[in-house]
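There are 2 protein chains.
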Amino acid sequence: MKQLHRTDLFGWSEFNPERNLDFYSVLWVRAEGNVLIDPLPLSAHDQNHLRQLGGAKIIVITNSDHCRDAFHIAKVTGAALYGPESERSNFPITCDHWLHDNQAIVPGLVAYQLQGSKTSGELALVLEQTTLITGDLIRCHTAGKLCILPDAKLTDSVLAKQSVKRLANLSGITTVLVGDGWPLFVQGGQALNALADSL
Amino acid sequence: MKQLHRTDLFGWSEFNPERNLDFYSVLWVRAEGNVLIDPLPLSAHDQNHLRQLGGAKIIVITNSDHCRDAFHIAKVTGAALYGPESERSNFPITCDHWLHDNQAIVPGLVAYQLQGSKTSGELALVLEQTTLITGDLIRCHTAGKLCILPDAKLTDSVLAKQSVKRLANLSGITTVLVGDGWPLFVQGGQALNALADSL
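Going line by line, the protein sequences match chains X and F.
Numbered by my numbering, the letters in the first sequence go through residues 1 to 199 in order.
Numbered by my numbering, the letters in the second sequence go through residues 1 to 199 in order.
Any given hint could turn out to be false.
Identical copies look the same in the list; a pair holds intra-copy or inter-copy alike.
[As the list claims (entries may be wrong)] Capping the alpha-carbon separation at 20 Å, the derived lysine to any residue pairs in SDA-like fashion look like this:
hint: 1; residue 1: K145; residue 2: Q190
hint: 2; residue 1: K153; residue 2: D8
hint: 3; residue 1: K145; residue 2: Q187
hint: 4; residue 1: K118; residue 2: R68
hint: 5; residue 1: K145; residue 2: Q47
hint: 6; residue 1: K145; residue 2: G189
hint: 7; residue 1: K118; residue 2: E128
hint: 8; residue 1: K161; residue 2: L199
hint: 9; residue 1: K165; residue 2: G11
hint: 10; residue 1: K145; residue 2: D8
hint: 11; residue 1: K75; residue 2: H100
hint: 12; residue 1: K165; residue 2: D8
hint: 13; residue 1: K57; residue 2: E128
Derived by calculation from the structure, the hints in this document are not laboratory data.
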C-alpha cells in the first residue's frame with residue numbers, strides 16, 4: 001500500500017482500462033481500529049501490509065457501485081460493513097450498519113449523503129475536516145482538476161450539483177481523495193470550489 | 001494510459017512492493033513525434049493506447065537504473081534512444097544519442113545533468129519550462145512532499161544537493177513528475193523549493 005499525504009493514511013489502486021484511470025481505495029490507521037473505504041481487491045503483498053498496520057475494524061462503502069471487494073475483505077479481516085441507508089433496500093450486500101447524512105462513523109470521520117448521483121444515496125466522507133473522500137459523483141480524470149459524472153449518469157442533475165456545492169461550502173478541505181481518478185493532495189479545496197463554480 | 005495534468009501528457013505506472021510506491025513513466029504527445037520518458041513495460045491495453053496516440057519517436061532514459069523496458073519498446077516502436085552522456089561508458093544499452101547538460105532534446109524539452117546521484121550522470125528534464133520530470137534523485141514517498149535519495153545511495157551528497165538547488169532555482173515549475181512515487185501536479189515548484197531549503 002502507498003503512503004498518502006499523512007502517515008496514518010494509505011491507499012491502493014487498480015488501473016481501469018475502460019476509463020484509462022486508476023480506481024483508489026483508502027486505509028485510515030487508527031489506534032481504535034482501522035477504517036477501509038471502498039476497498040478494491042488486495043494483492044497478497046497489500047494483505048500482508050494491512051495486517052502489519054493492524055488489519056481493519058470498519059469498512060465504509062460509499063455507494064452500491066463501489067462494493068468492490070468489501071464483502072470478502074470483511075470476512076477475512078472481521079471488519080464491520082457500513083453502507084448508505086438510502087441504498088439499503090437495493091444494496092448488493094448486507095451491511096452491519098447503515099449511514100445517514102451528517103453521521104459520525106467514528107470520531108473524525110463524517111458521512112455526507114449526496115443526492116441525485118448515479119445511485120440514490122451515495123456518500124462522501126470528510127476525515128478530520130480536511131480530507132474529502134468521494135465515491136463516484138466527484139472524480140478526477142485530468143490530474144489536478146475535479147469533475148462530476150456526466151448528466152446522463154445522474155438521477156437528478158440539479159440535486160447532484162447542489163450536493164457538490166454543499167461539500168464545496170465546507171471549510172478547511174485541503175485534500176480530495178476520489179474513488180475514480182487522481183487524488184488531489186494539494187489545493188483540494190480550491191479544486192472543489194472551482195468545480196462548484198463551474199456547475 | 002492515464003491523462004496527466006495536460007491533454008498532451010500521459011503516464012503509466014507500476015506498483016513496487018519493495019518500496020510501497022508506484023514507479024511512473026511519461027508520454028508527451030507531439031505532432032512532430034511522441035516522446036517517452038523512462039518507459040516501464042506497457043500492458044497490451046497501453047501498447048494499443050500508445051499506437052492510437054501516435055506511437056513513439058524518442059525515448060529518453062534519465063539514468064542507467066531507469067532503462068526499464070526502453071530497449072524493447074524502442075524495438076517495437078522504432079523510437080530512437082537518448083541516454084545521459086556521462087553514463088555512456090557503462091550504460092546497460094546502446095543509445096542512439098547521448099545527452100549533455102542543458103541540451104534541448106526537442107524544442108521544449110531540456111535535459112539537465114545532475115551530479116552526485118546514485119549514478120554519475122543522471123538527467124532531470126524540464127518540459128516547456130513548467131513540468132520537471134525526475135528519475136531517481138528527486139522522489140516522492142509521502143504525497144505532496146518531495147525527498148531525495150538517502151545519503152547512503154548518493155555518490156556525492158554535497159554535489160547532489162547542489163543539483164537539487166539548481167533545479168529549484170528554475171522559475172516557472174508548477175508540476176513535478178517523479179520516476180519513483182507520487183506525481184505533484186499542483187504547487188510542484190513550492191515543493192521543490194521546500195526540498196531545497198531542507199537540504
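Status of each hint after checking the structure:
no., hint, result
1, K145 <-> Q190, "both (10 Å within a copy, 19 Å between copies)"
2, K153 <-> D8, "neither (34 Å within a copy, 27 Å between copies)"
3, K145 <-> Q187, "both (10 Å within a copy, 13 Å between copies)"
4, K118 <-> R68, "within (16 Å within a copy, 40 Å between copies)"
5, K145 <-> Q47, "neither (31 Å within a copy, 26 Å between copies)"
6, K145 <-> G189, "both (11 Å within a copy, 18 Å between copies)"
7, K118 <-> E128, "neither (26 Å within a copy, 39 Å between copies)"
8, K161 <-> L199, "within (6 Å within a copy, 45 Å between copies)"
9, K165 <-> G11, "neither (26 Å within a copy, 31 Å between copies)"
10, K145 <-> D8, "between (25 Å within a copy, 15 Å between copies)"
11, K75 <-> H100, "neither (24 Å within a copy, 56 Å between copies)"
12, K165 <-> D8, "neither (28 Å within a copy, 30 Å between copies)"
13, K57 <-> E128, "within (18 Å within a copy, 47 Å between copies)"
When each numbered hint is compared with the structure, violations occur for hints 2, 5, 7, 9, 11, 12.
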